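Peer 1: So the sequences go chain by chain: A and B. Quick note: the first sequence uses our numbering, first residue 179, plus one each step. Quick note: the second sequence uses our numbering, first residue 24, plus one each step.
Derived from the structure by calculation, the hints contain no laboratory data. Among these hints, one or two may not hold up.
Here are the computed lysine-lysine pairs in the DSS-like style, where the Cα-Cα straight-line distance is at most 30 Å [to be verified]: (1) A:Lys616 x B:Lys149; (2) A:Lys366 x B:Lys149; (3) A:Lys300 x B:Lys175; (4) B:Lys53 x A:Lys512; (5) A:Lys323 x B:Lys149; (6) A:Lys586 x A:Lys601; (7) B:Lys53 x A:Lys623.
Examples of chain A residues lying across from chain B (beta carbon under 8 Å, computed) [as the list claims (entries may be wrong)]: (8) Gln199; (9) Gly306; (10) Tyr675.
Pair by pair, the computed Cβ-Cβ distance ranges are [to be verified]: (11) B:Lys122 x A:Glu717: 54 to 64 Å; (12) A:Ala326 x B:Ile101: 52 to 62 Å; (13) A:Gln763 x B:Asn229: 17 to 27 Å; (14) B:Ile226 x A:Ser754: 55 to 65 Å; (15) B:Asn68 x A:Glu484: 39 to 49 Å.
This structure is a prediction, so every number in the text was calculated from the model and none was measured. Think of the CB as a built atom: it goes at the ideal place given N, C-alpha and C, for glycine as much as any other residue.
One letter stands for each residue in the lines below.
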Amino acid sequence: MSKAKIIVVGGGLSGLMATMQIAEKGINVDLLSLVPVKRSHSVCAQGGINAALDTKGEGDSTWEHFDDTIYGGDFLANQSSVKKMCEAAPGLIYTMDRMGVMFSRTVEGLIDLRNFGGQKNKRTAFAGATTGAQLEYCCDEQVRKHEASGLVKKFEGWEFLSAIIDEQGICRGCIAQNLVTMEIHPFKGDAVILATGGGGMIYAKSTTSTICTGSAAGAIFQQGAYLANMEFVQIHPTAMLGDDKTRLMSESARGDGGRIWTYKDGKPWYFLEEMYPAYGNLVPRDIASRAIYNVCVEMGLGIDGENQVYLDLTHLPTEFLDRRLGGIIEIYEKFNGDDPRKVPMKIFPGIHYFMGGIHVNENHMTCIPGLFASGECDYMYHGANRLGANSLLSALYSGTISGPAAIKHINGLNKLSNELENKCFDQELHRQIEYNEKIVRMNGKENPYNLHEELGEKMRANVGVVRNNKDLQANECFIREIKERWNNINMVDCLGYSNQVISFTKELKNMIEMAHAITIGALIRNESRGSHYKTDFPERNDDEFLRTSKSRYTQNGPMIEWEEVDISIINPRKRSYGEDKEAAQNGE
Amino acid sequence: MENRHIKLKIKRQDSPDSLPWWEEFCIPYKPNMNIVSVLMEIRKNPVNSKGEKTNPVVWECNCLEEVCGACSMLINGIPKQACASLIDKIYEKTGFEKKIVLEPLKKFPVIRDLTIDRHSMFDNLKRIKAWVSVDGSFAIGRGPRFAEREQKWAYVISRCMTCGCCQEACPNVNPKSNFIGPSAIAQVRLFNTHPIGAMHKEIRLNALMSNGGIQECGNAQNCRKVCPKEIPLTTHIAALNRDTVKYSIWRWFSE
């Protein structure tokens, strides 16, 4: 009998965790990644990772963490899965600690915890302000150990193009392209786990890395997988302005005492502290972003008349800042020139994270058997708004679910991929080779990079912090138009070796399909919930919309279906951050 | 500021086997640009300074905030992250509109234009066993306590993003040697300091003392100057020199 193999696509936290879990069971993994895995986007996460370690004498609990997460997500997340994640969190942190993550420490050598938005207790473990990088490096090291032992084979510099699906509709591997030689190759596998991250690049300017195009999710969407809750895109309240990207200034800056303000009547106005006395600067991100947007755009009170407010650390001791926030202070200093220890930072909300993503069941399997998704590319844990420091947690945790679930799937298969006839592999390979040839020959007038910029500009304007149906309809028309214009792209690079324009053109196609799903989701959801705020429907409407939107691809655009949310543990209640939140009492 | 331009001279190469050549570009100036954002302008309109159509310049980048280590290149001869190299800062040194020269790092094989193959650096991490050996990735309770005092300096080493700048600057990393280079050596100190990692420190010290190891360091001190994460690489190399000497004496007596 031939040996089973699992393909993991993506070398960020979720993909590496899934890989580790599979390799530990002695099963071979092919790990595909666009970049050397150590350069994955997880390295950009700064502030920390949530776990109710309860080492601060506050009586924190996994129940409180669960309640904060569900409440913060405006009750749209499936509760059973979130509860399991919060319960697993302390164990995960301790595991990462054993593996060597350089977490910041307390005086007696325990993992230190800091405050974060939308939660009252100190619950966020951190390593300075580079927590994502530290966790990613640790997982990279562990996977390198398995690579050295031969269980894991890395394919770095390969791009996922599509899933291979057999006649019975089961996923049997994937087609990927080598970004240097441009070779297109079928990878046979008995399960495929996509851990391909979010799609910030759909908005062109965001806090994400350039590889975060959502292209892989867009590809399997067109192959029949569902996307879910795509209208929920997190806009981080504190990002640096920039032409090439909006750089994240971590929420930990506020967790450690940073204050947001602007001038009103010639005096500093700490508007978050005034509007939300209970949580102040630590309201969740959707709330803070809307407040900053209102102060700048509606009230015209931005600093120097521009769309920007201050994030102020100058009242905090320099030694404390260097130790706790050195990572972000460096970034600000380098890219802006001002020293945040002495001058308040200028910030404005920026596109940051996709709460929505590939629809999966509680085992992280898509509707295509054998095809899994975990990490930011799935939709599972954050509902309508993600709490800060829950993303590193969901990335790691989902990898501990998708990996073992993929093994379970393999154990139930009658035949492994190696024992199948070559038909389904050849068919998909030929489809991708033909598509590639079409792209290479594209001889129109549009430059793909300019087209992308236009897409991003429209998405930021029409599907951003504040939305309305008129703009969303206009955006939908634009998306249909840009789909046509994509066909008129010009292949501006005429070499057949390490040609980045070929892969970008393919990614752009998938980004446009994803943008369509985001727009339609936002258009149909006539309510305001979490990050999705519509001026024409400013209230949450549980009767109609306490539902997951599921987007199905058709040639004529995405079709939306609705699915009930798992609210089996706590009853939905009004979400407000003006007063202290009482955790729900039902349950344990 | 109208009509000002950024002039670039870029070393280009179509493939690993072909010969390099130079091409110049002229990009309209905007405040706050960096090398990556200038390269992005080229691909939107791939035309050289003579007005001829050309292939867009190929380079590597990802995070654009100097965390991922992808965009290392030689900028006016110095190994740096392109994203964090602000045009205005470069001009402060050289004068406005002075030509900026971009080249791929020279210690690594070129793939195309400014992209290079750095997989040897990741292989070096395998050679020194750069990981903490644990029983598994499952939860079995709290990890060991670790003093804040130690964490403070070890954390700085753990910020290494394997960008290759120190390899580039080190005269002892060259085609004639198989020196693992400064960054991999410093990683040994990180893993030998962690309470669980320290249980296997001899394995890493042995690796450091083998062919291409710490003895190849000529103490040129260049690595420390170019490290974008300001890791005091030479301090760690000196400490490991002491550790390996102590260990070899111990090994000699215990044999």
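Peer 1: Each hint needs a verdict: does it hold in this structure or not?
Peer 2: Verification of the hints:
no. : hint                            : in the structure
1   : A:Lys616 x B:Lys149             : violated, 41 Å
2   : A:Lys366 x B:Lys149             : holds, 27 Å
3   : A:Lys300 x B:Lys175             : holds, 21 Å
4   : B:Lys53 x A:Lys512              : holds, 17 Å
5   : A:Lys323 x B:Lys149             : holds, 7 Å
6   : A:Lys586 x A:Lys601             : holds, 25 Å
7   : B:Lys53 x A:Lys623              : holds, 26 Å
8   : Gln199                          : holds, 6 Å
9   : Gly306                          : holds, 6 Å
10  : Tyr675                          : holds, 5 Å
11  : B:Lys122 x A:Glu717: 54 to 64 Å : holds, 59 Å
12  : A:Ala326 x B:Ile101: 52 to 62 Å : violated, 34 Å
13  : A:Gln763 x B:Asn229: 17 to 27 Å : violated, 59 Å
14  : B:Ile226 x A:Ser754: 55 to 65 Å : holds, 56 Å
15  : B:Asn68 x A:Glu484: 39 to 49 Å  : violated, 28 Å
Checked against the numbered hints listed earlier, the structure breaks hints 1, 12, 13, 15; every other hint is satisfied.
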